[in-house]
Amino acid sequence: MSNNRLPHAATVVALLALAAAGIGCGGRGQAPEATAPRDTLVFSAPADATTLDPHNTTDTESDQVIGMVFEGLLGFDDQMNIVGRLAERWNVESDGITWTFHLRRGVTFHDGSPFNAEAVRVSFARVLDPAQKHKRLSLFVMLDRVEAVDDFTVRFVTKYPFGAFEPTIAHISSTILSPAAMATHGAAFGTTATSTVGTGPYRVISWKRDQELVLERVEQHWRLTPPTRRIVYRPIPEGAARVLALEAGDVDVISRVPPPELDRLGASPAIAVTKTVSIGAQQFRFNVTKPPLNDRRVRQAISLAIDRRAIVDQLVQGFATPSTSALTPIMRGYAPLGEIARDLEKARQLLAEAGHPNGFPLKIATTPRYPMGVELAEAIAAQLRDVGIVSTIQVHDWATMVQFWAGLPPEKNPQELFIMGAGASTADADWGLRPIFQTAPTNENNYGYYSNAEFDDVITAAMRETDAARRQALYRRAQEIVYLEDPGAIWMYDNYYVIASRRGVSDLSPSALGVVTFERAVVR
Amino acid sequence: MRHAAAAVLRTVPTLLGVSVLVFLIMHAIPGDPAAIAAGLDASPETVAAIRESLGLNRPLHEQFGAFLSRTLRGDFGVSIRTGRPVIEEVAARMPYTLLLSVASVVLAALVGVTAGVVAAVRHQRWLDHVVMTLTLVAVSTPSYWLALMLMLVMAVWLGWLPAIGAATPRHFVLPVLTLGLQSAGEVARMTRATLLDVLGDEFLRAARARGVSSRRMLWRHALGNAAVPIATVLGLRIGGLLAGTVLVESVFAIPGLGRMMVDAVVARDFPMIQGGVLVVATSYVLINAATDVLAARLDPRLRT
Numbered sequence: 459m460s461n462n463r464l465p466h467a468a469t470v471v472a473l474l475a476l477a478a479a480g481i482g483c484g485g486r487g488q489a490p491e492a493t494a495p496r497d498t499l500v501f502s503a504p505a506d507a508t509t510l511d512p513h514n515t516t517d518t519e520s521d522q523v524i525g526m527v528f529e530g531l532l533g534f535d536d537q538m539n540i541v542g543r544l545a546e547r548w549n550v551e552s553d554g555i556t557w558t559f560h561l562r563r564g565v566t567f568h569d570g571s572p573f574n575a576e577a578v579r580v581s582f583a584r585v586l587d588p589a590q591k592h593k594r595l596s597l598f599v600m601l602d603r604v605e606a607v608d609d610f611t612v613r614f615v616t617k618y619p620f621g622a623f624e625p626t627i628a629h630i631s632s633t634i635l636s637p638a639a640m641a642t643h644g645a646a647f648g649t650t651a652t653s654t655v656g657t658g659p660y661r662v663i664s665w666k667r668d669q670e671l672v673l674e675r676v677e678q679h680w681r682l683t684p685p686t687r688r689i690v691y692r693p694i695p696e697g698a699a700r701v702l703a704l705e706a707g708d709v710d711v712i713s714r715v716p717p718p719e720l721d722r723l724g725a726s727p728a729i730a731v732t733k734t735v736s737i738g739a740q741q742f743r744f745n746v747t748k749p750p751l752n753d754r755r756v757r758q759a760i761s762l763a764i765d766r767r768a769i770v771d772q773l774v775q776g777f778a779t780p781s782t783s784a785l786t787p788i789m790r791g792y793a794p795l796g797e798i799a800r801d802l803e804k805a806r807q808l809l810a811e812a813g814h815p816n817g818f819p820l821k822i823a824t825t826p827r828y829p830m831g832v833e834l835a836e837a838i839a840a841q842l843r844d845v846g847i848v849s850t851i852q853v854h855d856w857a858t859m860v861q862f863w864a865g866l867p868p869e870k871n872p873q874e875l876f877i878m879g880a881g882a883s884t885a886d887a888d889w890g891l892r893p894i895f896q897t898a899p900t901n902e903n904n905y906g907y908y909s910n911a912e913f914d915d916v917i918t919a920a921m922r923e924t925d926a927a928r929r930q931a932l933y934r935r936a937q938e939i940v941y942l943e944d945p946g947a948i949w950m951y952d953n954y955y956v957i958a959s960r961r962g963v964s965d966l967s968p969s970a971l972g973v974v975t976f977e978r979a980v981v982r
Numbered sequence: 000m001r002h003a004a005a006a007v008l009r010t011v012p013t014l015l016g017v018s019v020l021v022f023l024i025m026h027a028i029p030g031d032p033a034a035i036a037a038g039l040d041a042s043p044e045t046v047a048a049i050r051e052s053l054g055l056n057r058p059l060h061e062q063f064g065a066f067l068s069r070t071l072r073g074d075f076g077v078s079i080r081t082g083r084p085v086i087e088e089v090a091a092r093m094p095y096t097l098l099l100s101v102a103s104v105v106l107a108a109l110v111g112v113t114a115g116v117v118a119a120v121r122h123q124r125w126l127d128h129v130v131m132t133l134t135l136v137a138v139s140t141p142s143y144w145l146a147l148m149l150m151l152v153m154a155v156w157l158g159w160l161p162a163i164g165a166a167t168p169r170h171f172v173l174p175v176l177t178l179g180l181q182s183a184g185e186v187a188r189m190t191r192a193t194l195l196d197v198l199g200d201e202f203l204r205a206a207r208a209r210g211v212s213s214r215r216m217l218w219r220h221a222l223g224n225a226a227v228p229i230a231t232v233l234g235l236r237i238g239g240l241l242a243g244t245v246l247v248e249s250v251f252a253i254p255g256l257g258r259m260m261v262d263a264v265v266a267r268d269f270p271m272i273q274g275g276v277l278v279v280a281t282s283y284v285l286i287n288a289a290t291d292v293l294a295a296r297l298d299p300r301l302r303t
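One line per chain: the protein sequences are A and B, in this order. In terms of the numbering used here, the first sequence is numbered consecutively and its last residue is 982. In terms of the numbering used here, the second sequence is numbered consecutively and its last residue is 303.
These are computed hints drawn from the structure, not numbers from a lab. All values derive from a computational prediction rather than experimental measurement. C-beta atoms are modelled at their ideal positions from N, C-alpha and C, and glycine is treated no differently. A portion of the hints provided could be inaccurate.
[What the hints assert, rightly or not] DMTMM-like mimics (lysine to aspartate or glutamate), calculated; alpha carbons at most 20 Å apart, straight line:
hint, chain 1, residue 1, chain 2, residue 2
1, A, K617, A, D553
2, A, K591, B, E51
3, A, K617, A, D915
4, A, K617, A, D587
5, A, K733, A, D535
6, A, K821, A, D753
7, A, K870, B, D31
8, A, K804, A, D765
9, A, K821, A, E869
10, A, K591, A, D602
11, A, K591, A, D517
12, A, K591, B, D31
13, A, K804, A, D753
14, A, K617, B, E44
15, A, K733, A, D721
16, A, K617, A, E551
17, A, K591, B, E44
18, A, K666, B, E87
[Stated by the list, open to error] Covered, in the sense of this in silico footprint (three residues per stretch, anywhere, with C-beta under 8 Å from a C-beta of chain B), are these stretches of chain A:
hint, segment
19, 507–520
20, 585–595
21, 667–680
22, 855–864
Using the sequences and the hints given, assemble the complete structure.
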């Protein structure tokens, strides 16, 4: 899970030593020769998948593998457009709650059992059954029922018109599981190679935890047969070791390149670095119940006192770009509202109007779990000092941080300004705004107790709106409120998804969701 | 034999104490395993359901009682994070950590004892100074840095060995060097000091006077007497290594126990932490007991 296990200073020192020692040493296999494609590609990320059960996954590493093994009725293409996968076509009735999917024929699961309407029904019945306690149940609370109309037609009925229905069905947790494997393995589905059965272009043939997970292509897959026969997924927790393994030729592709290594790798003729706009953004969220943060003018002032450009240039150069809205540009519903430039004059004026001309003390909570989490808090503290705000920084480990966000009432939550990564895995405005800023009694998802009556109305209307143009206009309004007028957070920057690969590896398709699609990848 | 049985018996209260301590520490530090397992965007109902299914909403003494009775029956429970039985997870990782520890202790013993003997025999000569300098470097080199340097030189520059992984014996060369060289430094210094101590003793001067050859004297009389402290140091090292391979396992991507425990602590995966700690503690205690027994064989004074 975490790739930040070692003391930070040690990492930096070691990386510097490597950088100094590694200059001019590109490693083996520099010039890509015109060789025949190899049949195996080795991919390395900081952690192993925790589960391969689509109904239980909540981390990128698991999603990475699940996305290769399973397919849904709908899916996302490289540009995050929604496309049909196991559904050939689909439509919604005028009531806005009845969706009909016409399924593709002739598709089989890796275990040979046929894909049909019953498989879809049983898959959704599994995640929707509260007794089975799947972690992704909360994604489907709008679903009333899923019915098999005939062998190749499925009907979904939602409890109310739901504008984000299609992105939800394209989500990784809406993929279809083999009914035979579900019956055999029950709750253990997706915990081993043999209990992981979908319809995707790759199937899992072995899984040694924390060592390697081997995926093999499905010959004559209905959609495409991947050029590379085997993808080996080999977790390497340490960033510096991951980079060395790539340079030594032990692995072909790595994710989560450590920021200090980016320039060196980019200059190496043997390595290619690929950046993709992602759904991920870095914020510092306000607890709006803590005076003086309950005054929107104070929150506006803090947002205006931050020099995002300087922070991006100094801390995460090449990995991020200053935010331009409450969502990232790749997400459905995004409205470009522009970077918030530093304006100390305006910030001081707003603080004076709010009755704090000389600033006030502020607590900032952060965790090294987020890349540069501690450095970011330090930068913010330094910049806020220019308007008289004196900050105390508290650094917590992840487990401690999560406790502050587990549904506490405001009086039990001491946090004031706290770090928060955002990234709605449906790549849609609904999941990206509604759960986290809509008024709620505790902070189960709305960690900062944000509450704005107009925002609530707009976001509810947008959720039930299925007309694309009207939906977009509503989400634009919602972003204006929470990003500019009544800020719910300091939006810092939008993250790029950065991968590095050996020259000779081509046609990788990194996705905004922070995973690589290997189905067209070629290794030479 | 009585000595061995007593040594094993003494481990029982130690292990019980370890279990209680781990259990209490895990429940005292902040962090809710259910909230972490559920993920950030889970509903409180999901978190509550997971908490209930894990039995985390029951009183502490009940949870501990359940844990103890399960453990005594050999059932270590199921990992919260991965959903697989703890015993399987531990069993899958144990061989790697064991291999790493044993191989690096063997390396430490061979290199360390040899270097220590050489240094002692050539006391105050240039070879002694060289060995002592090298051991000082070995002992004080941070293993994280050493690991990355070995990878850079042996894997990236020279291409002689694989940088990471655990698939073949060649994969273990760099991790074992990283772990073993540091211990070798300690063992060498220990061996040298003990030998110098013994070599100055009365009985050796007497032996020399009896005409015992100096080679025989060194190997049989002197080293025989130095064996007890050396064996003790090595025994402690093995126990320490079992728990201390975390860093090397992370850097070299070896799926061992140390790495598993770090992931488990980060996720507050209670069953996994308890199972893992118990296994490591048992191994440590058994190795200590074995060292005691061995020391008794080597040193008649300890046979009581």
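Verification of the hints:
1. K617/A x D553/A: It holds: about 11 Å lies between the C-alpha atoms, which stays within 20 Å.
2. K591/A x E51/B: holds (10 Å)
3. K617/A x D915/A: holds (19 Å)
4. K617/A x D587/A: holds (16 Å)
5. K733/A x D535/A: holds (17 Å)
6. K821/A x D753/A: Within the cut-off at roughly 16 Å; holds.
7. K870/A x D31/B: holds (16 Å)
8. K804/A x D765/A: At roughly 14 Å apart (the allowed maximum being 20 Å), D765/A and K804/A satisfy the hint.
9. K821/A x E869/A: Roughly 16 Å separates the two Cα atoms, so the pair holds.
10. K591/A x D602/A: holds (17 Å)
11. K591/A x D517/A: Answer holds: K591/A to D517/A is near 17 Å, not above 20 Å.
12. K591/A x D31/B: holds (17 Å)
13. K804/A x D753/A: holds (16 Å)
14. K617/A x E44/B: holds (19 Å)
15. K733/A x D721/A: holds (13 Å)
16. K617/A x E551/A: holds (14 Å)
17. K591/A x E44/B: Holds, because 9 Å separates the two Cα atoms, which is no more than 20 Å.
18. K666/A x E87/B: Cα-Cα ~11 Å, so holds.
19. 507–520: holds (count 6)
20. 585–595: n = 4 at 8 Å, threshold three: holds.
21. 667–680: holds (count 4)
22. 855–864: With 8 residues closer than 8 Å to chain B, the segment 855–864 of chain A meets the three-residue bar; holds.
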